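All chains should be modelled from the sequences, with the hints used to inform the complete structure.
Protein chains in written order, with numbering that gives the first Met the number 0: chain A, 0 to 268; chain B, 0 to 369.
Treat the hints as calculated values from the structure; they're not laboratory data. Hints are supplied without guarantee of correctness; some may be wrong.
Straight-line distance between alpha carbons at most 30 Å, and here's what the computed DSS-like set of lysine-lysine pairs gives [said to hold, decoys possible]:
1) B/Lys124 / A/Lys189
2) B/Lys118 / B/Lys139
3) B/Lys91 / A/Lys189
4) B/Lys228 / B/Lys91
5) B/Lys91 / B/Lys118
6) B/Lys260 / B/Lys228
7) B/Lys44 / B/Lys91
8) A/Lys189 / B/Lys118
9) B/Lys91 / B/Lys124
On a predicted model such as this, the values are computed, not experimentally measured, just so you know.
In case you want the letters, here they are:
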Amino acid sequence: MTSPSLKRSLACLWWVLMAFLYLPLAVVVLFSFNSINSSALFESFSLRWYERLWGNEQIMASLGHSLVLAIISSVTAVVIGTLMGYGLYRHRARRLGWLIVLIYLPIVMPDIVFGISNMTFFVRISSLTGWLSPGLGTMVLSHVTFQIPFVALIVYSRFVGLDATLFDAAKDLYASPFDRARHFIVPSIKPALVSAFFLSFTLSIDDFVISFFTAGPESSTLPIYIWGAIRKGVTPEINAIASLMIAAVAVAAVISLAFTRSKGSDASR
Amino acid sequence: MKRGITETLANESTARKASSITLEGVEKSFSREAIALDGVDLTIKAGEFFTLLGPSGCGKTTLLRILAGLDTPNAGVVSIGGVDVTAVPPHKRSVNTVFQSYALFPHLSVEDNIGFGLKMQGVDKAERTRRVREMAEFIKLSPLLSRRIHQLSGGQRQRIALARALVCEPDVLLLDEPLSALDAGLRGQLQVELQRIQRRLGMTFVFVTHDQQEAMVMSDRIAVLNDGKIQQLDTPRAVFERPANAFVARFMGHSNLLEIKRRGADRLDTAIGPLTLPADAEHMNDGDLVLIRPETIELGDDALGQPNRFDATVVESFYRGSHFEYRLQVEDVALTAFSSNQGQKLFAADDRVPISISPSDLMTVRGEGG
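Pasting the structure below:
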């Protein structure tokens, strides 16, 4: 049995861990509301740094790039990843376990390797054909590539959770292949699709390394801007951007999680 | 306009269209070792309650899936209502299935589940709503229409699955062990109800089960399947009382089977001793089995002075209300006997009891080899 003192120290450790994880974030958020330009002294509450952000064209442009990149890549990845997840599910009897390894690879590969290899590839293609010169297009391609496995796995596990007889029931009840997709498959996996979209969105907004290697001169995203800006020191402006990103990512992650959870409730019998 | 099911029910003299089914040389294997159907020829009459009975892995579910179009046979022809449907995909067959797991769509309400087939057939919304409501009324589901599937009990799901299939008014209704997940009381009730629905609609029902009691209660005819082949196809009474071979006899629950060791002019040698032959015994041969039904064994004083008399020891006795059940031992052979309760004494374990079997109650069953 665990002694009361051990229990207390474990509880203590929990709070220490939480503080370690969230205190730095809290400090960033706090100082984004600082009225003076200091990262040591908090004077009074103010929104001046947020107002400053609004007026900064470079930041607004990067924010735009980030959002466009995240939305386009997530939508594309959800479409392709869903088809992939469905394919894996339909052919699960053929023991395609080894394919999963291929799918996992982009997930476990270090971002820097992934980013550099993408960059090298795009540069070579570009020098040969003139296509795929670095910019938003190449960034979308790279992001879609690393988002697909996440989408495929979420969708696949949703399919595995469905009663396989439902596919037979849909056929038996006069649904043509198109009707099956529209009236059965898509509605059945909708929570997984929403969850996959927001997870992809979060991954894309977050990403610095891969974007850094595949971006062009006119397509820097928010993380790339921040990286450039902090070489001149951390300003309260950076704190404000960071706080907004924390909020955006947290919202997307919560939505993603909520929809992942909801599969339990309506797939259960 | 198509007649609604409840209109049909209101006017029982109206015969609904029903379709016959013919299978010719249907074969299906999933791999070289796994042969599910080994050349099945079968005719199911229009409007019949037909049961495919057999142990798990006998091919009965595969046969049902071939009728539904969910599996394609490797060889053979499937016709429904005289039309070859072998290559017709499931969504273009006027056949609906009640699945063992019910397979109700979790993302839809009860009403939308029942209406799914009609919607896919392009029935407009007003007509669909009318027919779904009508069906819900008929199957006593009306209060549940707006519920979600996960809020319902097994019995309710079963009814919805049935309603969803029936509302499409198919030529043939297929039922894949639809009652196996329910408790005994509910199962008995739904057996009666299913039979009633089938009689009133006059629809062709093909029912799959591994429960011989269920098959006997409900069916017009039964096909007993084993190893992908039809072992016997007949009425419930014929299948039970005149099983075609030892497999059918055992599967129908007969336990008193004795091998004929040698046949003489007027008697048979068996493990319990010599048996006097019935008058029409010409088909009893060496290697066949003699079947003694438990209820045909006379016990005690009734057995005295009768032919085929043996001395038995009671191993166990059970009081079953309407009848007594005995596990007997004659020589080294175990026999089961039922005697109907007419107020007589219930023998106890270790009692020595005379038994007799009338020659006319002896039946032959072809041996496992034949």
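Do the hints match the structure? See the list:
1. Distance hint between B/Lys124 and A/Lys189 is fulfilled; the C-alpha atoms sit about 24 Å from each other, no more than 30 Å.
2. This hinted pair checks out: B/Lys118 and B/Lys139 have alpha carbons roughly 22 Å apart, not beyond 30 Å.
3. A hinted pair counts as satisfied when its Cα atoms are at most 30 Å apart, and B/Lys91 with A/Lys189 qualifies at roughly 27 Å.
4. Of the supplied pair hints, the one linking B/Lys228 and B/Lys91 holds, its CA atoms being roughly 28 Å apart against a limit of 30 Å.
5. Annotation: proposed proximity of B/Lys91 to B/Lys118 holds, straight-line Cα distance about 14 Å (limit 30 Å).
6. Straight-line distance between C-alpha atoms of B/Lys260 and B/Lys228 comes to about 28 Å, which keeps the hinted pair within the 30 Å bound.
7. Only pairs whose Cα atoms come within 30 Å are accepted, and B/Lys44 paired with B/Lys91 is accepted, the gap being roughly 22 Å.
8. About 20 Å separates the Cα atoms of A/Lys189 and B/Lys118, which keeps this hinted pair within 30 Å; it holds.
9. Between B/Lys91 and B/Lys124 the alpha-carbon distance is near 21 Å, which keeps this suggested pair within the 30 Å criterion.
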